[in-house]
Each structure stands twice: as C-alpha cells, then as structure tokens.
Amino acid sequence: MGNTSSMLTQYDIEEVQEHCNNTFSQQEIVSLYQRFCQLDRNSGGFISADEFLSVPEFAVNPLSQRLFRMIDGLNFKEFVAFLSAFSSRATLQHKVEFIFKVYDSDGNGKVAFSDLLDVLRDLTGQFISEQQRELVLTQVLEEGGYKKDSLLVLSDFMKILGNNGLKMEVEVPVD
Amino acid sequence: MSKLNLEFDPDHPNIEDYLHTDSIQEPLGKLRLHDLLDISPTLTEAVGAIVDDSFTRCFKSNPPEPWNWNVYLFPLWCLGVVVRYGILFPVRVLILTIGWIIFLSCYIPVHVLLKGHDKIRKKLERALVELICSFFVASWTGVVKYHGPRPCARPKQVFVANHTSMIDFIILEQMTAFAVIMQKHPGWVGLLQSTILESVGCIWFNRSEAKDREIVARKLREHVEGADNNPLLIFPEGTCVNNHYSVMFKKGAFELGSTVCPIAIKYNKIFVDAFWNSRKQSFTTHLLQLMTSWAVVCDVWYLEPQNMRPGETAIEFAERVRGIISVRAGIKKVPWDGYLKYSRPSPKHRERKQQSFADSVLRRLEDK
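Protein sequences, first through last, are from chains B and C. This note's numbering numbers the first residue of the first sequence as 137 and each following residue consecutively. This note's numbering numbers the first residue of the second sequence as 52 and each following residue consecutively.
Just chain B, same shape as in the assembly (with noise of 0.2 Å):
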C-alpha cells in the first residue's frame, strides 16, 4: 500500500476486496481510502483515538469506546474488512459476528453475564440503577431460556437476533 502518496493502485484495490470478500465494490473502497486518510491527519498508517474523537457524531456514541478497542490500530485493509459488516453485501452471519465480538470483548469466544451488563451499562449510563440493570437483565434472560450464569456463544447469538433480520447497514457515499 501506498505508504506517503493517497494513491491505490489496482492492484491494492483487489487486494482490499479480496481481504474484505467482496462485500465492498472497488469504487467504495477507493471512497472508503478518501475517507480514511482524510481522518488519518498525521499519515500514520491508522487511525488514532484522538482523530476518531474529532468526529463529534462519533464521540456521542455510547458505544464509541468499545468500537474504538476494536478499530484502534487498524491499517487501511484492517479497516475496510472491520466495516464490511455494514455493507449492503454482508451476510446475516457476518453481522451478528460483528454484535457478538462487539460483546465478548476479551475474544474467548463466549459472552457471560458481566459482558451483557457491560454493554448495558454503555447504553443507559447513569440513568438506571446497577441493581436494576442486573434486575432487568436477569429477568429477560430467563425468559428467554437462559439462565443468569448462562455463557453465550455465537449460536446463541444466531437463534435470537437471526429471526427477525438485522436493519445495519451504512451507505459509502460515492462520488
């Protein structure tokens, strides 16, 4: 890749496509390369915390921080393969992959009771009680068929959010 020149050559785009399989057409990756250079401001090679923190409809984010563990570090193809899951192209799978590494955040591949009161946590912030949250999460697990001590893994994740479909996808703009 191009280490000082914002230029792709064919050969780079393919290689980004194949890495990402596919989910992304060429002239999205060369808009998504536009994009990532232009937060790149120190040509680093990726992103740093402090320019994703500059985008401010990002800093909102409640879950800006855990994205942010996953994405720190990235190089341009790390990138484009990190997003694909928000393409238009990406399978059910992929993107119910994506919400479970989002959960197990050590990667041990199994998701306890702590991890879900994490991302809970993220989510409602000072407005609900760490005795409710647990409350709530109890409850609706058990009526789910799990139980508190319960460990979920990915299939788990497959049988309860692949019902319905998954509405997440972002559009690249192209210009």
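Everything labelled a hint here was simulated from the structure, so no lab data went into it. Ideal placement from N, C-alpha and C gives every residue a C-beta, glycine not left out. Be a bit skeptical, because a hint or two may be false.
[As the list claims (entries may be wrong)] Anything over 12 Å on all C-beta distances counts as not near chain C; from chain B, calculated:
no., residue
1, 147
2, 180
3, 246
4, 262
[Said to hold, decoys possible] Derived DSS-like pairs (lysine-lysine); straight-line CA-CA distance at most 27 Å:
no., chain 1, residue 1, chain 2, residue 2
5, C, 302, C, 383
6, C, 81, B, 303
7, C, 235, C, 207
8, B, 283, C, 81
9, C, 331, B, 295
10, C, 384, C, 331
11, C, 384, C, 399
12, C, 81, B, 284
13, C, 262, C, 302
14, C, 174, C, 207
15, B, 213, C, 111
16, C, 399, C, 331
17, C, 196, C, 384
18, B, 237, B, 213
19, C, 111, C, 320
Since the structure of chain B is provided, determine the placement of chain C on it from the hints.
Just chain C now, kept in the frame of chain B:
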C-alpha cells in the same frame, strides 16, 4: 429511578432536531432478550459517522479538479502558471506595496498630528483603512459584487456574516469601516491588529480562555451602545468554514438587544477556493495562494435587518438569521458547533441518548 431533566438546555438547541439518524423505531410490546442484545441501531450510527459525517465535511477544502491532463491542455496550463507567477504576481506585489506606502504615509501623520481632534481623525483613519483594504482586494484581482443597501453607522445594530477566511473581513471592510471582534493572531497579522485595527475599534477574544465569554459580552454591549463607534461586524460561526456549509451561530451577537443585519458571502470556486483551512496553511501562505491565482470572485449580499421576535430566545434568533444567510448564499446548515474543531463534544449529548434508551427499556419492562 433518577431522571435528570436534560430536555431544556438554554445554551444548545436540540441537535436531534437536525440529525437525520433513522429514528430508532420504538418497537411496541414487552422487552425481550432480542431487544436488549440487538445493539445494531447504535452501532450503525457510530459506523455511519466513521464512514462520513457532516462535521468533517464542513472543513474539507476541495481542491479544484486538475484540467491540465491533456497534451494540449498542459502547455496552456504551463502558460497560465507563467502568467500567474511571472506577471500577475509581481504586479500585484507592486500594487500592494504602493498601497502600503500611500497608506502609511497618510496614516502615521494623521494618527500623530490630529491627536486632539478625535472626530476628524477617526473619519480620516476610517477612510484610510477602507483604502488599504481596497488595495488588498486589488492585489488578488478581487471581483466583488455587492448587493443590497450599504451598511450605515447607527447605534444599536450589529452586522453578522458567514465566515470562510480572514479575507471576508477585508472584503467587507473596503466598503464600510467596520469594527470587528477577532481572535488575536501571532506574527505580522497580530501587529496589524494591534496597531491599525485598533483605530477602527476592535474587540479581542481568546478562544481558549473560559472566563473570556463574559468579558467579551460586556465589551460588545458597550461598543454597540456607543453612538460614534463604527458599526460592529461579528462572524458568529467563530471559525472558518468551507463556504459550502454553515455551522451553528454563537448566540453572543444575538443577545445584545440590538438589530442584527445579516450579510451573506459566497465565493465563486471556479477562480480560486477562498476557504482558509487554518489547520493546513498559515495566513501568509493563504494570501500568497490568492495572489498567484487568477481572481477572487465573490458576491456579498446585505440582507434585511432582523430584530428578535417576542418570545424568541437568543438561540432561536441566531438560528433564524443563520437560515436567512444560508439560503441567500446557497450553503447548507449543519447542527455542529464550530468550536468542536478545537475541543470534544460535551457529554450531554451522549447522556441524552443514554437517557432515551434507558427510558424505553424501563417502560417496556412494565408492559405486559
């Protein structure tokens, strides 16, 4: 159940009114595991912002398309470069130097000799400042079309305009000697600010100082009430934007109890992109870029003076005037505070999202 009332915030209008995020459909019915686990709306918003966001778009300088990519266009472009750098630039530098000589040889005597006779001294200094600004504009081959009635100096009125570069000030100043409120700059610009601009009346502020706002508000009020002060020009965006968008107006100019006269400025990009991207270039580089381009073409519209309507808050008034200016200049409005260029958004916005999600969870929990 703690419920902080974040609904009414007199300092910031509700951003949710502007942001076109697909409103998270409030699904009806009891809370299920699926609803808690499905964080896709929040994720989609975050990733959408990573891919494209309205704030960064405001400060993107769009380089003009290169048109010299052809066998015969290239020599034409080379000829253009030769003309611009070899002929136009030296002529412009000459014009500017002559202008400065004339200006300084008149200004210094007037300033020193007429110390006692303030009224006539101010009048002459005003005319001289307008003169040097005309020289500046000529040095970029500025083609400025003014529309609308020229500003007059009356007390209890302020002028507001959209901001693209510091040259906005020069372009407006050549027509009327405004007093202006500006950030103090280092270098030769700062020198000019503290000497010459002091004579037309200027107010300084410092973005980084928190207490500064009250001091500045007081100075503004004092200036506006003075009968023989020059009319005050304010750029309420607080920062330079790329002339395609307008960011939120700061309410300071709109709560002085005076009439607000909007001015819209639109530059024609074909000749040069007048946006001063202060992150990318210094003002000197920006001026040199202008002086080596063909021309600076812009339109200035002096619009109808506006007063605060009964029952309108300062913010609503500011937004209404922003709408008037944006429509006239053909630029889009975005709901962001220009100062986010220098600082992070306040946690209030995130908390608002958290509160609405928390409310919906608790409400649906009680549904049977």
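Original post:
Beyond 12 Å from chain C, beta-carbon-wise, is residue 180 of chain B?
Top reply: holds (16 Å)
Original post:
Is residue 283 of chain B close enough to residue 81 of chain C, meaning Cα to Cα at most 27 Å?
Top reply: holds (19 Å)
**OP:** Please confirm whether residue 147 of chain B is truly not at the interface, meaning its C-beta sits more than 12 Å away from all C-beta atoms of chain C.
**Re:** holds (22 Å)
Subject >> Pair hint residue 81 of chain C and residue 303 of chain B, alpha-carbon separation not exceeding 27 Å >> reply: holds (20 Å)
Original post:
Quick one, are residue 262 of chain C and residue 302 of chain C close enough, alpha carbons at most 27 Å?
Top reply: holds (16 Å)
Subject >> Beyond 12 Å from every chain C Cβ - status for residue 262 of chain B >> reply: violated (7 Å)
Original post:
Is it correct that the beta-carbon of residue 246 of chain B has no partner in chain C closer than or equal to 12 Å?
Top reply: At about 15 Å from chain C, residue 246 of chain B clears the 12 Å cut-off, so the statement holds.
**OP:** For the pair we were handed, residue 331 of chain C and residue 295 of chain B, check the Cα-Cα distance against 27 Å.
**Re:** violated (50 Å)
Original post:
Taken at face value, is the distance from the CA of residue 399 of chain C to the CA of residue 384 of chain C at most 27 Å?
Top reply: OK: residue 384 of chain C and residue 399 of chain C at ~22 Å, within 27 Å.
Original post:
Taken at face value, is the distance from the CA of residue 384 of chain C to the CA of residue 196 of chain C at most 27 Å?
Top reply: The given pair, whose Cα atoms are some 24 Å apart, holds under the 27 Å limit.
Original post:
Are the Cα positions of residue 235 of chain C and residue 207 of chain C separated by 27 Å at most?
Top reply: Between residue 235 of chain C and residue 207 of chain C the Cα gap is close to 25 Å, so the pair holds against 27 Å.
Original post:
Would the pair residue 213 of chain B and residue 111 of chain C pass a check requiring their Cα atoms to be no farther apart than 27 Å?
Top reply: Measuring from Cα to Cα gives roughly 24 Å; hence the hint holds.
Comparing the model with each numbered hint stated earlier shows that hints 4, 9 and 16 do not hold.
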